[in-house]
Amino acid sequence: MPENPKHYWMSAANSSPTGRSHQVMNPANASSPSSNTESVIDEVNGDPEFITTRRSFLKAAGFTFAAAVAAGCSRPPELRSIPYLQQPEGGLVAGRPVLYGSTCDACEARCGLLVTTRDGRPVKIEGNPDHPLSGGSTCAVGQASILGLYDGERLQYPTRRGQRSTWSDVDKEIATTLDRIRQQGGAVRLLTPTITSPTTAALITAFLGSFKNARHVSYDPISTSAVLDAHALTHGARLLPRYRFDRADVIVSFDADFLGTWISPVEYTRGYTSRRRIDERSPSKSYHVQIESRLSLTGSNADQRLRVSPGEMGHIVTHLAMGLSRAAGFQIDNADLAPSPLEPALDAIAKRLWAARGRALVISSSQDVRVQVLCNFINREIGAYGATLDLEKPSYQRQGSDSELAELRAELARGDVQALIVAGANPVYDLPDAATLAKDLQRMPLLVSTAERIDETASLAHFVCPDHHYLESWSDAEPVSGVVSLTQPAILPLHDTRSILESLSAWTTGTPRPALDVVRDHWENEIYPRAKVSGSSDPFERFWSRTLEHGVAEIAPRESKTRPFDLKVVQQVLRPEELAPNAFSLVLYSKIGMFDGRHGHNAWLHELPDPVTKVTWDNYACFSPAAAGRLGIADGDVVRVAADGAPPLELPAFIQPGQHDATVAIALGYGRAGTDRFAKVGPPWFEARPPVGLVGANASPFVTTMDNRRRYSGLAVTVVKTGRRHPLASTQIHHSLEGMEGQEPRPIVQEMTLAELAAASGLPQQSRESNAEGDLWPSDHPSNGHRWGMSIDLNTCTGCSACVIACQSENNVPVVGQDEVRRKREMHWIRIDRYYSGSDEEPEVAHQPMMCQHCENAPCETVCPVLATVHSDEGLNEQIYNRCVGTRYCANNCPYKVRRFNWFDYPHEDRLQNLVFNPNVTVRSRGVMEKCTMCVQRIEETRIETRRLGQPIADGAIKTACQQVCPADAIVFGDLNDPKSRVAALAESNRAYRVLEDLNTKPAVRYLKLVRHGGKGRG
Amino acid sequence: MHRRIITVGLATALALSLVTLTIAWRSPGNNQGYAPVQPIDFSHKLHSGEMQIPCVYCHLGAETSRYAGIPSLSTCMNCHRSVTSSFAAQKQSNPAESPELRKLYDSLAFDKALKPVAGKLPKPIAWKKVHQLPDFVYFDHRAHITAAVTCKTCHGPVETMDRMRQFETLSMGWCVSCHRDANQTGVAGKPVHASTDCVTCHY
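For the protein sequence lines, the chains are A and B, in the order given. For the first sequence, this note's numbering begins at 2 and goes up steadily by one. For the second sequence, this note's numbering begins at 3 and goes up steadily by one.
Everything labelled a hint here was simulated from the structure, so no lab data went into it. From the three backbone atoms N, C-alpha and C, an ideal C-beta is built for every residue, glycine too. Hints should not be assumed to be uniformly reliable.
Stated by the list, open to error - Label pairs and their computed distance ranges (CB to CB): (1) B:GLN94 x A:ASP539: 56 to 66 Å; (2) A:LYS7 x B:ASP183: 50 to 60 Å; (3) A:SER926 x B:LYS192: 35 to 45 Å.
Unchecked claim - Here chain A is said to cover these stretches of chain B; the calculated rule only asks that three of the stretch's residues, wherever they fall, bring their Cβ under 8 Å from a Cβ of chain A: (4) 57-66; (5) 130-137.
Please put together the full structure from these sequences, using the hints given.
Okay, here's the thing in structure tokens:
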């Protein structure tokens, strides 16, 4: 424990006790969590329906006894065993998992997957370790996408004008209308998000080719159009470069949340953390500067963070470009450039970038093409092209064009389009000025949607032709030039849905072709020749079956034509945009889990705490503590955010340290139609509650358009307090390990600087074993076989929360609903504690995954009266559900606050939804405690299987769900008794420590200290 | 007098109910002896006893999977494509088709000549599950076969059972005592590690 430990805090309400108080800390208008808790307790204790009299207790007890006696004499219900008719080929045996290589469809990043199926149904998604981009990792959204397969509210059949129809009827009518349009030469438009599938793209071209006036318009709900447009200006090709974070030692990001939601977060996190991992013999890590308005997940990991308002961004990029030109020795006329207070900091950053030429990268999520061109200019100066930016093998993960979209909207407004097919997009939800768009769409002669449910756009469509869930369909993807992967079905379609490939072929040729044939043909004719170019000598059959087995293949890239950098297009942004004194500058961002709202019907993602704010089930308006003080608002106060040209939005406020004072940040992706269904989520006892309406509110009306590009920041808004309150379901101070205010800080998160680490290496390790004197626990449980343990690297963990959902999927963790989260009853076995340190304005952030520590001297075990939690001889702390009687003593005695109690039988009556359960893990019932088991089902499975094969358990053969999914490779599980194992080596690291070591609980989980750059300022 | 009658009556009632309870009592979930009537009168005594067919010929998952599995109907047809009459009728010169086997053929939608009937869909047989463990117990056949535990150890003398019956209690005490003994004495002369940790079966 350091002598002068840092003070860490978790929320604005429990920040520094040293008097840096602001208005929200005033108990008179105390922030929501404490007052909220009291009202909740009153609600439960005070409700007369919950009061138990002695008589009713005796009645219940008598009935229970009688029921137990009756149960003793009865038989369980008769179950049936239904065998196969035909023994399946390929060694399929009931009870053995079968893995299918596939491609994730949850976003356009297209990570590689291995879909685990049990007895014919997908139960878990794992990353495909062979995939060159995602390398075995996935994100929270990818993990959660399996829940969408079993969503009972997906559309189960095609509809015609809102009524159930059949495919043949729908096809006939669409074909007739299209024929008429074809003959009349009418305009046909196909609106999609970015199409990464080469087969779908080819089929779209074939389909539209039969019309005289047809066009494919693609747009991204969260647009990155400016990046592509800027490359069209500077390099002559509208391309998205592949960002190689794995080659970047200095990264400067202007507002791009590349570890969270920007373009391809898994790929980027993998690359980024590969340069942040500490080699203790020569400690170093990359240097990451984040220049942003709100505190993003990426910003929370930065070594240096500059808070700027959105209007200043272009001006600051110009200054950086000028600073770099100076470093490079250019003389550029910048007489009109207004000075910036950040110039010294920017000069220092420019020097760093210049020093790291060829190993540096500058990115921006700005939708201002001038800013993007300046970034390209900087990247050219620092030699990023060809090194950290790849234009030879560009990315196809974003192709949408805002100018084409604007053109389409103009056509629609004029009524020039006869037929519009919307495939996989939801423009009425995610575009601004949706009311006008909806009116235009209603006038269309033919509007077809392929949405999976009746969403905002599909509700206007004449025909809804629902597409399969991706786990039911054949498709393919080329996310980066030369990386092709297949999507294969892991289950037969659950409903009467149809792949978009079959629909398009039906509308082109009149008969639907099976999607497999379409994909295979395209691969034989288009993909396979490229594989031959790259040196493959296999016949097509082998190439196809091998790719199907591996899920992915690397082939020759598509030809990309770029021209040398055109300096003429570089334009300085001379001065920051002015903001009226009382106005706020709006920042619309996308949140991990929700992205653009396409997963708005996924309960796992709604209940996933945001990695930074820790709020679930809502979007909200974020303010800096100073701004909140000025407005006199606290967490949960509803504010009205208004701007010219858009209806005002009422949202609860949230106070976010580290945010720029003149900005308000609101997440997109909320307020999806139909999300009022989640009012029913959670235990049945509050079904009588009044309906709560949609989850969050849709902020896309605030998206502005400039030069035909959709912009997400910079809109001037006014904010007024409404006086109403809407308590947020925030988990940030639930299960807090922090002591009471005023107590000495506890050694939970620990960090050191690179210099300290360098000094410590070579020195003998300080003894970690605590003093045996005064040890309450006798050392009578030697562990001679395996001793399972875990190591978590706080330095590489970015807080992305993929582990939380992976654990939920693997371990059948229930969803409890917003109201229960407010009562601190969320059930996640692994949570990510986010700690701030430093000032409110410029906090440093640490993310700490926290789950059962599997203590050798476990305090929970000593207090369990029924031995439902005991220690295994392999070092695991076991929780035995069938023995647990629910005293909750263990949870009270747990210093790490990782035990979760089933207050209710969380509803499982949706039999379709229940198919998502992992059959290897018990579904817990009411009244039992549960917690992380270190995926003991995987340990047992591997143990039994290796014994069967007569092999020892190799290091790395068992991966816990959280470890498997982690894109940062921060979690390592293994046998501490095996000196050659990775986890044993990491336990000996100079950075290793155990949380609350002074309690002598001896956890089996070791954390590796966060390493900061140290030195002046942040980082 | 009145009171005595009541007392005697109550005492008799109590004694009777205690006796009934003692006879009928079983621990909740104990299904020892359960032998439901199956949709086809399949005899393990005939197949396993007299024909000496190894258990894993049909229950092929026992070696490689958690579940031993119920054989697919195509496995039955490996033999019953040629053997179509009952065992007793085999000695006759022109044996009649067994009515029990007819149920098998019907579920496969086969006609007299064992050819598929056009337009008729096969429908699998819904056997009644005999051995049921609670949902919170994870038993793995594979582990036990690997350790050379014989099928008989848990399933009893199957080769003598015309109708399959649950031979053991399958209670936790029964499992644990065998695990304890196995650690002491080994299985089939070889030492084994039969863990008695809770998470061996409960997770």
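- Query: Are there hints from earlier that the structure breaks, and if so, what are their numbers?
  - Reply: none
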